[in-house]
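Please arrange chain B on chain A, whose structure you already have, making use of the hints.
Going down the list, the sequences are from chains A and B.
Number 15 in the working numbering belongs to position 15 of the first sequence; there are no gaps in the numbering.
Offset between the second sequence (1-based) and the working numbering: plus 1000.
By construction, these hints were calculated from the structure, which means they are not laboratory data.
Every residue gets a Cβ at the ideal spot worked out from N, C-alpha and C, and that includes glycine.
There's no promise every hint is true.
Just some of the chain A residues that point at chain B, by a computed CB distance under 10 Å [said to hold, decoys possible]:
{"no.": "1", "residue": "Asp12"}
{"no.": "2", "residue": "Leu20"}
{"no.": "3", "residue": "Phe107"}
{"no.": "4", "residue": "Glu110"}
Residues on chain B that point at chain A, a partial pick, calculated with CB under 8 Å [what the hints assert, rightly or not]:
{"no.": "5", "residue": "Leu1099"}
{"no.": "6", "residue": "Ala1101"}
{"no.": "7", "residue": "Ala1108"}
{"no.": "8", "residue": "Cys1112"}
{"no.": "9", "residue": "Ala1176"}
{"no.": "10", "residue": "His1178"}
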Amino acid sequence: MDEEAVVYLVDDEPCLLRALQRLLQTEGHAVQAFESAEAFLRAYDPKRAGCVVTDLCLPGLDGLSLQRALSALGDTRAVVLMTAYGDIATGVHAMKEGAVDFLVKPFDDEVFLAAVRNALARDAWDREVLHELQAVRGRLASLTPREHEVLDHVVTGRLNKQIAADLGITEKTIKVHRARAMEKMGVSTLAELVRKTLEVELGTVINGKRIDRQRPSAH
Amino acid sequence: MALGSIPAKARIRWVRLRISHPLPRPCVRVTMPAWPRQKAEGRAGSRRQGRLAAFQELTSERRRERELRLQREQLIHLARVGLLGELSAALVHELKQPLAAILVNAQAGRRCWKGTAHAQASVDEILEDIVDASQRAINVIQRMRELFLRRDAQRLTLDLNMVARDAVTLARSSMAEHGVRLELALDAHAVPLRGDPVQLQQVLLNLILNACDAMDANRAGMRQLALATAGGPGAEASLTVSDNGCGIASGLLERIFDAFFTTKPQGLGVGLSVSREIVAAHGGRIEAANRAEGGAVFRITLPIAEENSHG
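The shape of chain A in the complex, shown without the other chains (with noise of 0.2 Å):
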C-alpha cells in the first residue's frame, strides 16, 4: 500500500492506448497499459492501489466482463468505462454493474482526468475504510468472550450495575473487564467505543474528525 497508486489501463486500440498513457503521465500518474482485459487481470496487482479505465467494446472479455471479473475476485477498485458507442442504456447498465464513471469517446483531457482522479480518490477512500475496518476487527478480536460479553451490554446503555446483574458478577469485576475492553479497543469514551463497533456492523467508517468527507462519487 506503500507503493504509488496505479491506472490499469485498457484499450484494444494500440495508439490510443498510447495516446491515453501519454496523457496521464502528463498528470504524473503512474500508468500499466493493457490491450485486452486477460492481459489485464493476467499481470494486475491486486493489492495496488488504484483504478481500471477499461474500453467497453474489447474482443474477447469486454469491459463489462471484465469489472465482474473484478468483483468475484474480490477487488473494489473504481472502474472507469470509456466506449465509443455512447448509448444511455450501456452507460446506465454499466453505473448500475459499479462503473465510477462512462465516458463516451472522443472525450475532453479534463473530463477524463476529472474521472481519473475521481476514481483514485474513490480507490484510495475504499482503501482507507478496509485498513481501518481490520483494525478495529482485530482489536475486537482480541477480547476475551467475558470482555466482549461485558462490552455487548455496555454499548447497548446498561450501566455497570445492570450489567453485574444480568451476568451475575460484582460490580467491581464488570468495571475491570470495561476498562480492559476499553484499552484493547483504543478508546477512551463510551461514544468513541460505540463508534467503532457500529463501523464494525455497518461496514463502513464513521469519522467523527471528518465527518463531512463522504466517500468520493461519480459526479
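This is chain B only, laid out in the frame that chain A set:
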C-alpha cells in the same frame, strides 16, 4: 449479313456497309475463306473468279451483351452499396478510433507545450502517432470511396492475401461489435490472381458479415471466424471463410445462392447471388457447406494468375 464478291488482286481500301445500330461502336465480322478454289482451278482461275467475303454486322449483338454486362455490374454495385449500409456504423467507428487517438495525442502535446504537464511526454512520439492515425483515417475514407465508386470491372494482377487483408480491415469494427474473434491463416506466399480487387473484397465482406450474423446466438467469447487463403494445389487458389454459428438449414443449402433468397429479416437476398456472379466472372466457383463441428464454411476457388505464380 452482306455478301460481296471482291475481285482478285483488287486492293480494297474501303467497304461501305449499312449498319442498323451504329452506336456506340459499330462492329462487323468479316469472314474470308482462304482462296477456296485456288487449288482446284489453279492460279489463273482464282485471278479470274476473285474471292468471297462475308460481312456480318455484330453491333446489335455486342450491344445486347454490353447491356447485360452493365446490368450485372449495376447489380453488383447496388449490392455493394447495400453492403456499405450494413457496414456504415462500423466504419464510422473505424474512423472515430484514429480521430480519438489524434485528439488525445494533441491534448497531451498541448499540456506539455503549455507547461501544465507534470511529466514531459516525447513530442516526437506524439507527432509520429498523430501522423499514423491521420493516415489510417484517410485510408478508411479511401477504402469507403472505392466501395462506393462505380466503375467498370477491372482486370488487375492482385494478391489474394491483400484482398483478404483489406476486407478484414473494413470488417474489423463489425466483427468487434459482434464480439467475433478472427483467426487469419493466409498463405505464406502471395497468391496472384487476375481480377477486380473491389469486387473480390465485396464477396469477402459479404461472407464475413454473414458469418457474424450467424454467430450472434453463440455465447459471448465463443464466436470464432476463420479466414484462410491458399495458393494451390495446382493452378487453383482457394479462400475459405468458416464460422461456428448456426450453420445453414439442410434444405436451404441449395437455395442460398439464389437471387432474392434470404433468411435475414432485413436482408434483400442479393449478397450471395451477386457473390456467385462475381466469382464466376473471375473464372472461379463458390461452394457452401455445413461443418461437422457446427457452423458453416464457404469456399471460393479461383484460377491462379500464371505470369508470376509463386513457388
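Self-check item: Proposed interface contact between Ala1176(B) and chain A, which counts if any beta carbon pair is under 8 Å
Solution: 6 Å, holds
Self-check item: Proposed interface contact between Glu110(A) and chain B, which counts if any beta carbon pair is under 10 Å
Solution: 9 Å, holds
Self-check item: Closest C-beta approach of Phe107(A) to chain B relative to 10 Å, hint status
Solution: The hint holds - Phe107(A) has a Cβ within 10 Å of chain B, the shortest such distance being about 8 Å.
Quiz item: Given Ala1108(B) was flagged as interface, is its beta-carbon under 8 Å from a beta-carbon of chain A?
Solution: Nearest chain A Cβ about 4 Å off; hint holds.
Quiz item: How about Ala1101(B): closest beta carbon in chain A under 8 Å, or not?
Solution: 4 Å, holds
Exercise. Would you settle whether the hint for Cys1112(B) is holds or violated, based on the nearest Cβ-Cβ distance to chain A being less than 8 Å?
Key: Hint on Cys1112(B): holds, closest Cβ of chain A at ~6 Å, below 8 Å.
Practice problem: Would you check whether Asp12(A) satisfies its interface hint, that is, whether its CB is within less than 10 Å of any CB in chain B? | Solution: 8 Å, holds
Exercise. For the hint on Leu1099(B), just tell me whether its beta-carbon gets within less than 8 Å of chain A.
Key: Holds. Min distance 6 Å.
Self-check item: Evaluation of the interface hint that places Leu20(A) against chain B, nearest CB under 10 Å
Solution: 6 Å, holds
Self-check item: Hint status (Cβ of His1178(B) to nearest Cβ of chain A, threshold 8 Å)
Solution: His1178(B) check fails; min Cβ-Cβ to chain A is 10 Å, beyond 8 Å.
This entry does not satisfy hint 10, going by the numbered hints stated previously; all others are met.
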